[in-house]
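Peer 1: Using the hints, position chain B against chain Y.
Protein chains: 2
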Amino acid sequence: MPYFDSASAAPLHPVARQALQAALDEGWADPARLYREGRRARLLLDAAREAAAEAVGCRPDELVFTPSGTAAVHSGVAGALAGRRRTGRHLVVSAVEHSSVLHSAAAHGAAGGTVTEVPVDRGGRVAPDAYAAALREGTALACLQSANHEVGTEQPVAEVAGACREAGVPLLVDAAQSLAWGPVAGDWSLLAASAHKWGGPAGVGLLVVRKGVRFAPQGPADERESGRSAGFENIPGIVAAAASLRAVRAEAAGEGARLRELVERIRTRVPELVPDVEVAGDPVRRLPHLVTFSCLYVDGEALLHELDRAGFSVSSGSSCTSSTLTPSHVLRAMGVLSEGNVRVSLPPGTAEADVDRFLEVLPGVVAGIRERFGAPASGPAAVGDRSLVVDALGRRCPVPVIELAKVFGDVPVGGTVTVLSDDEAARLDIPAWCGMRGQEYVGERPAERGTAYTVRRTS
Amino acid sequence: MPYFDSASAAPLHPVARQALQAALDEGWADPARLYREGRRARLLLDAAREAAAEAVGCRPDELVFTPSGTAAVHSGVAGALAGRRRTGRHLVVSAVEHSSVLHSAAAHGAAGGTVTEVPVDRGGRVAPDAYAAALREGTALACLQSANHEVGTEQPVAEVAGACREAGVPLLVDAAQSLAWGPVAGDWSLLAASAHKWGGPAGVGLLVVRKGVRFAPQGPADERESGRSAGFENIPGIVAAAASLRAVRAEAAGEGARLRELVERIRTRVPELVPDVEVAGDPVRRLPHLVTFSCLYVDGEALLHELDRAGFSVSSGSSCTSSTLTPSHVLRAMGVLSEGNVRVSLPPGTAEADVDRFLEVLPGVVAGIRERFGAPASGPAAVGDRSLVVDALGRRCPVPVIELAKVFGDVPVGGTVTVLSDDEAARLDIPAWCGMRGQEYVGERPAERGTAYTVRRTS
Chain Y
1 MPYFDSASAA PLHPVARQAL QAALDEGWAD PARLYREGRR ARLLLDAARE
51 AAAEAVGCRP DELVFTPSGT AAVHSGVAGA LAGRRRTGRH LVVSAVEHSS
101 VLHSAAAHGA AGGTVTEVPV DRGGRVAPDA YAAALREGTA LACLQSANHE
151 VGTEQPVAEV AGACREAGVP LLVDAAQSLA WGPVAGDWSL LAASAHKWGG
201 PAGVGLLVVR KGVRFAPQGP ADERESGRSA GFENIPGIVA AAASLRAVRA
251 EAAGEGARLR ELVERIRTRV PELVPDVEVA GDPVRRLPHL VTFSCLYVDG
301 EALLHELDRA GFSVSSGSSC TSSTLTPSHV LRAMGVLSEG NVRVSLPPGT
351 AEADVDRFLE VLPGVVAGIR ERFGAPASGP AAVGDRSLVV DALGRRCPVP
401 VIELAKVFGD VPVGGTVTVL SDDEAARLDI PAWCGMRGQE YVGERPAERG
451 TAYTVRRTS
Chain B
1 MPYFDSASAA PLHPVARQAL QAALDEGWAD PARLYREGRR ARLLLDAARE
51 AAAEAVGCRP DELVFTPSGT AAVHSGVAGA LAGRRRTGRH LVVSAVEHSS
101 VLHSAAAHGA AGGTVTEVPV DRGGRVAPDA YAAALREGTA LACLQSANHE
151 VGTEQPVAEV AGACREAGVP LLVDAAQSLA WGPVAGDWSL LAASAHKWGG
201 PAGVGLLVVR KGVRFAPQGP ADERESGRSA GFENIPGIVA AAASLRAVRA
251 EAAGEGARLR ELVERIRTRV PELVPDVEVA GDPVRRLPHL VTFSCLYVDG
301 EALLHELDRA GFSVSSGSSC TSSTLTPSHV LRAMGVLSEG NVRVSLPPGT
351 AEADVDRFLE VLPGVVAGIR ERFGAPASGP AAVGDRSLVV DALGRRCPVP
401 VIELAKVFGD VPVGGTVTVL SDDEAARLDI PAWCGMRGQE YVGERPAERG
451 TAYTVRRTS
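Taken in order, these protein sequences are the chains called Y and B. Be aware that the first sequence starts at 1, since it is given in UniProt numbering, and climbs by one per residue. Be aware that the second sequence starts at 1, since it is given in UniProt numbering, and climbs by one per residue.
For reference, chain Y alone in the conformation it holds in the complex (with noise of 0.2 Å):
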């Protein structure tokens, strides 16, 4: 049963577990105390230290094990911020971030800090100069991830971290996607990761502070992990963590190279099996593993729950798949299609024939929902009036956009279609439907309910 989802959570590493289950014999006593038993977690906890400081490219004082890689962002941006309070209250972060990052900045507004977002492209990425251009005199703290988790595309982080060395300001990296695939470059400050992200288990992230960046630990005190992460050390965990993430570097470049051929195939072939479909992210600086693509006039929950049923484990930034009812921050960001939503990332080990089976069954899954939903066929019929206007009120995506389709054949080109909606989606999907289609973006407006979408036929 193939398993896709490794952005979210990675299987186990079999070299964790062997790591683990050593450790569970040799590390479960205080690593404070000074008797045998203290004094080989201790042993254990500094080489899994060394180990993980080794694959990061730091010094393992530098370094300090949290209990998640949301613990080591929360932990890593408050001190960072609070360390460099006198400086200034400014905070610069990319549209894109990891939600835990996303989460810390608007506590931080919150708190009266000031937050600036730096946009990115249609593929997800920022532009090193309008991040440059966002630091300004009193920014405490920058953030910017290695690598997107839910479109893969890299970010520039080693231009980005040189122009916050120059404006004096300290880089945070949510390196959390990319760790397993080998360090980050460039002369970041901090930087946080994840090990369940890398095959290492749940219940260890990690977080480096490069020595001489200013860091004020917030929180009650607590004198494990150099004041940085409160309560008993995991040291089972971490022992399993630092082991899986040697693993997975040994391993990194010929899985690498392989998984992104097999991603590659989905990028080339999902759009010429599916018809109106869209690839999201950057198709060259990406992860090796992972692919987003949305299918039009799809309810992105049907798609997952029918690739479920097929056997694959996918997950999506549709709006009816997330308990807000909001499309994904990211697609949002990226101006990109969220309905029928589906992301692939595949774990280290992925056989071919899986993604193969993959491509065989997701073109009769799509047209199965697309026929449920009523979807218009592709391409414009009669022409009627100049000007229709649909209503979708209290109908949630994809029906918005599929209503729109349905219509637009009934007007003649240089006419329009203004489609009333109250679905956070619409605003996301009508305009990356007009992109789709070629067809003119006229804007919103608001109406008596909801918001109005206009779309000129340009074709």
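To be clear, the hints were calculated from the coordinates, so they are not data collected in a lab. We put the beta carbon where it would ideally sit given N, CA and C, even for glycine. The hints are all genuine.
Away from chain B, derived, C-beta distances all over 12 Å, residues of chain Y:
| hint | residue |
| --- | --- |
| 1 | Ala53 |
| 2 | Arg249 |
| 3 | Ala257 |
| 4 | Arg260 |
| 5 | Thr268 |
| 6 | Pro283 |
| 7 | Ala353 |
| 8 | Leu388 |
| 9 | Gly409 |
| 10 | Thr418 |
| 11 | Glu448 |
Taking beta-carbon pairs under 7 Å as the criterion, some of the chain Y residues facing chain B (in silico):
| hint | residue |
| --- | --- |
| 12 | Tyr3 |
| 13 | Ser8 |
| 14 | Leu12 |
| 15 | Leu24 |
| 16 | Trp28 |
| 17 | Ala29 |
| 18 | Leu34 |
| 19 | Pro67 |
| 20 | Ser68 |
| 21 | Ala71 |
| 22 | His103 |
| 23 | His196 |
| 24 | Asn234 |
| 25 | Asp308 |
| 26 | Ser313 |
Peer 2: For chain B alone, kept in the frame of chain Y given last:
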């Protein structure tokens, strides 16, 4: 090799190991995902929550898992204080709480809140009346441990919870040391605990917030664990924690009675076998498995080292074994001797023969250290000047007390000895020596360097 420090961390329970193994296979995926691996993980998480809630005696939706007991306390205190901020900013704690509670209180104080520390008696127990008297208009939260981690004294939680309920103040119970032995009685509002104290793995704590208790989680938002504990859930650890809690509870009655006997043997025999020893903590209202005693004229670090060489792993609250060079705040709050302090906490399954061997070994170990330090023989000898001054500046515990005892016989009854010392432990240990010897402690005053402690000979 007997390990007698289960109050720091208990060895992994066999049931925890089995559950962990199984959950590594079944519980590694993201429980928020809808595909089969995610659903399996969610089922395991839900089942673990139900088992833990049953053991605690709460509803499953009142309990969240945290990355450690420390994290549970930090989040619980911060969330409860914030939830009642409009009521006031006064926090009540006992003087002998775990450092995670006291550090939370210190952080609250640093942020402008006020804190009252309720003192304890020489047995380490708060008086319910004194605790109730500390509650006032504007008290947002009260904290009380179920049992003390250093001396094993059980606190009157049910009575204090009643007083809190009457005053309309929520009570947070730190149940880290007692949850293995049974649920916490009384009408408490919040509860925190730590799995590695009951034979579960490191990396798992739990926080219970009763329905109706005002609670506002602090820090950046995160939707996991009802918004009360950020970061990807460590489900294998959580499953192992819940399974082992259930297992230790099934064994608690029998094993508790057995260990209580063994501890009683230590409490009785140590003062018979070793001269100048003070056993600390309530002799009756205590944890079954834990006992603490202190040996006059002995360096705690040397004692731990020698016991470790003899094969016994114990811990100590002596100043010389801590990084801060101050004696344990618990022993200080109780006003008992801190030098030569040893805490013995027996894990389940401790063999009677190991306890007997400990009792065999201890007298020789203590005598050897005393000889090395040149400790005085018991009782006064010749009589000289009416008042003597002993300069112990720059000398660390146990030397100041040894120097006092050496010259004490040289002053007549009614005369005084003044010890000059800059060691923090002297403040506790010189009055404690007076108590043990039946001599009068006159008091302390600042000296040109350090502090002058004066003792009057009364017999």
